[in-house]
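Student: Below are the chains, spelled out letter by letter.
2 protein chains.
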Amino acid sequence: MALPPTSTAVRIHPGKLADIRVEQLQTPTIVHPDDAIVKVLKAGLCGSDLHAYRGLEPFDAPYICGHELVGEVVALGASFGAASAEGRPALYSKLKVGDKVVSPFTCSCEECHFCRIGFPSRCVHSLLFGSPNLAGAQAQYARIPYAGGTLFLLPPELPKDLPEESFMLCGDILPTGYFAAIQALGHPNVAPIVKGESYPGVIGSIVPKVRGLQAEGARVLKEDRKLSVAIVGLGPVGICALVSLLDILTQNAVPEYTVYAVDPVPARRAKAAAILNKMTPAEAGHVKVLDIDAAKAAVKAETEKGVDAVLEIVGNDSAILLAYDLMRPFGVISSVGVHTSPQFPINGDALYTKNVAASFGRCPVRAMFPLAVDLLVRRRDVLGGVGGEEALVERVIPLSDAVNGYDKFNSMTWGKVVFDPWA
Amino acid sequence: MALPPTSTAVRIHPGKLADIRVEQLQTPTIVHPDDAIVKVLKAGLCGSDLHAYRGLEPFDAPYICGHELVGEVVALGASFGAASAEGRPALYSKLKVGDKVVSPFTCSCEECHFCRIGFPSRCVHSLLFGSPNLAGAQAQYARIPYAGGTLFLLPPELPKDLPEESFMLCGDILPTGYFAAIQALGHPNVAPIVKGESYPGVIGSIVPKVRGLQAEGARVLKEDRKLSVAIVGLGPVGICALVSLLDILTQNAVPEYTVYAVDPVPARRAKAAAILNKMTPAEAGHVKVLDIDAAKAAVKAETEKGVDAVLEIVGNDSAILLAYDLMRPFGVISSVGVHTSPQFPINGDALYTKNVAASFGRCPVRAMFPLAVDLLVRRRDVLGGVGGEEALVERVIPLSDAVNGYDKFNSMTWGKVVFDPWA
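Residue numbers (full-length UniProt numbering), protein chains in the order written: chain P, 1 to 423; chain W, 1 to 423.
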């Protein structure tokens with residue numbers, strides 16, 4: 001299929017703040033045998049697109065924005081279907097023009113050490129879509145490097161009542177929310193509550209078995225197994241973290257838990273409440289949606305000690321300080337926010353005194369895809385709606401409305417915005 | 001048995017630096033039914049005793065120093081052997097005058113939530129021995145609060161070739177070293193290397209099983225399973241961490257690993273080398289004892305990406321910065337050093353960019369006792385020696401020599417020092 005020589009894309013320009021332009025640009029082409037060209041069916045506008053928009057990330061030349069897409073393969077490099085594809089990631093053999101795919105927000109080769117051990121967001125070839133280093137997804141067409149490793153092929157048997165917009169959530173925010181949740185719940189310091197066995201034995205196989213002496217250890221009681229988790233930040237990623245967390249707790253049949261869902265912005269709390277309304281009381285009944293002061297008061301009154309884990313989704317000083325304030329000693333902070341403050345606001349003495357365990361950084365999206373897609377399909381009643389105050393994807397707009405979309409999303413007037421490049 | 005009304009103790013006095021005095025003080029007595037009085041057989045001098053000595057921790061009144069002891073029970077409060085002991089920690093029923101015990105460096109009740117889930121160093125009743133809040137162990141007698149929870153009863157069948165001094169190591173440094181190692185090796189971010197399964201599936205049971213889709217995930221290859229760990233700081237705790245780490249790796253039959261044991265002080269590196277000389281080449285051959293520059297160069301040359309985990313035993317800015325520098329993306333920092341710097345030297349952007357997972361704080365010693373005692377017994381050829389350059393416990397001195405002992409230990413002229421209060 002011959003692609004049009006030019007097509008529409010949204011670029012940000014340097015020199016002044018918030019300079020978003022909708023432009024006709026040369027359609028991307030295959031430049032490396034591992035490349036694919038994808039026709040973008042839907043592209044997301046994400047909170048981290050706003051870093052450059054707000055002047056927090058300097059750049060020198062215009063680039064195409066966006067790092068979330070669901071698309072259809074329209075061209076493949078020579079590596080695909082070649083004899084050399086054997087032994088390489090499966091998509092080099094399998095992927096065909098016409099396939100529907102999702103891309104993570106970074107490319108990743110699936111052939112380096114980091115990809116193989118499950119941390120593709122630190123792939124040695126990793127580049128961020130929608131950055132000065134790699135053209136983004138808010139366009140009619142996008143070039144995907146290392147496409148056999150980067151892309152995720154959507155299974156053909158997916159339910160028909162899930163719109164394309166929903167799959168676009170898998171590019172970043174749903175896996176990131178899921179990762180925030182699993183990084184906290186999977187931590188050995190939370191395990192005594194979830195599994196009912198005391199530390200360090202609960203760590204499992206790596207801990208040598210000690211004959212006889214282990215019987216001296218403390219016993220976890222039923223009353224100790226009241227899990228408490230706070231989510232700091234209820235933007236779109238925070239909502240995804242909330243739904244993921246509830247789903248994981250349900251699947252693991254954790255009997256007693258409370259989730260403190262915290263955001264200072266009323267509209268965001270309202271969105272969280274609307275999403276929770278779509279869940280059963282058996283799940284939603286465990287969640288308290290609160291502003292910052294109310295959350296501090298509730299955690300103090302209800303847990304005394306603090307919560308077992310905090311999912312920190314925001315990435316600024318007040319968010320990480322709130323996380324520290326809310327957590328119990330030996331608690332866990334799972335931080336997926338992008339921090340730009342010049343100094344980390346918690347000092348070593350404070351980290352020591354509360355035995356903080358914290359994990360920072362970018363979600364390994366590609367490795368989370370199976371879990372995220374599975375969650376999306378099973379929870380499509382909650383995550384799958386499009387349009388309106390009660391849906392995670394609040395509105396779908398054409399690329400031509402990008403200037404307005406950025407403005408409204410930046411001011412938090414609009415929640416999650418998705419572009420339809422063909423509208 | 002009537003105790004003498006006065007006995008000998010080592011106190012630090014406020015007002016000037018390093019004011020250590022050996023004094024005759026009133027012998028401690030039972031002040032609460034849960035107390036025990038222990039005749040101190042051996043007491044340790046630990047690096048963190050030096051914080052007050054060097055003026056880093058202000059205090060207003062003299063107190064008895066020390067937080068490591070092995071002792072013999074000489075008096076028990078009314079809770080012991082009482083009808084009320086039923087349902088309480090076993091030692092309230094079991095402990096008898098004459099029993100040999102070890103104490104952790106903090107008291108802990110074993111009856112609160114934190115004790116039960118395995119984090120007794122954050123027991124709600126926790127107090128640090130040898131601090132302004134609780135008289136310490138560098139004395140002929142010591143009072144142990146919450147003794148049925150705090151003390152660890154040494155099994156009578158222990159090998160006879162292990163001197164008392166060695167068991168004193170269990171009060172702090174051996175469990176702390178063990179904890180540093182297990183906190184790193186038990187972290188989900190290290191698990192892909194140790195277990196050969198990719199993230200996030202390697203987290204285990206908490207991760208829902210996804211039918212079909214999981215097959216898309218990356219595969220860990222044999223070449224990915226070369227574990228690399230750095231230990232920053234080869235003081236007595238660092239040595240304990242090194243031996244613990246090697247033992248855990250051996251017990252788990254981890255086939256390929258390299259340990260970078262790092263310290264800028266030649267005498268400490270020499271001590272580490274001497275300890276390694278007592279181990280088999282099958283273990284010691286995996287260890288490189290290096291200064292800081294050599295460690296940076298070796299890690300860069302041999303791993304490219306950085307090490308999977310760093311045990312940070314020191315607790316200052318250069319140590320934590322070195323840990324950051326040495327670790328791979330998605331690596332783990334297990335920090336047991338006491339940090340006193342007013343600002344944490346790594347900012348949020350750096351933590352994000354390298355996907356740092358870090359755990360800080362005080363070892364839950366009481367919970368580590370079974371593992372530490374078991375290690376000490378099995379590895380007594382390495383850990384058990386007393387006296388001389390090649391032993392972990394370098395010298396045993398009387399309390400009367402405390403002023404000199406503090407001075408020599410502070411200047412790193414002497415390694416690990418133990419007091420014999422009856423010499």
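Treat the hints with care, as some may be off.
Given that identical chains are not distinguished, each listed pair holds provided it fits within a single copy or across any two copies.
Subject to a maximum C-alpha distance of 27 Å in a straight line, what follows is the list of computed DSS-like cross-link-like pairs (lysine-lysine) [claimed, not checked]:
hint	residue 1	residue 2
1	K100	K160
2	K296	K96
3	K288	K16
4	K195	K209
5	K94	K222
I should point out that these hints are in silico values taken from the structure, not numbers from a laboratory.
Student: Evaluate each hint against the coordinates.
Tutor: For each hint, the structure was consulted:
When the C-alpha separation of K100 and K160 is checked against a cutoff of 27 Å, the pair qualifies only within one copy, where the shortest distance is 14 Å, while the shortest distance between copies is 71 Å. Taking the shortest Cα distances, K296 and K96 never come within 27 Å of each other, neither inside one copy (52 Å) nor across copies (46 Å). Taking the closest pair of Cα atoms, K288 and K16 never come within 27 Å of each other, the shortest separation being 41 Å inside a single copy and 53 Å across copies. Both within a single protomer and between protomers do K195 and K209 lie at most 27 Å apart by alpha-carbon distance, with minima of 18 Å and 17 Å respectively.
Only between protomers do K94 and K222 lie at most 27 Å apart by alpha-carbon distance; the minimum there is 25 Å, versus 50 Å within a single protomer.
Going through the hint list in order, the structure does not satisfy hints 2, 3.
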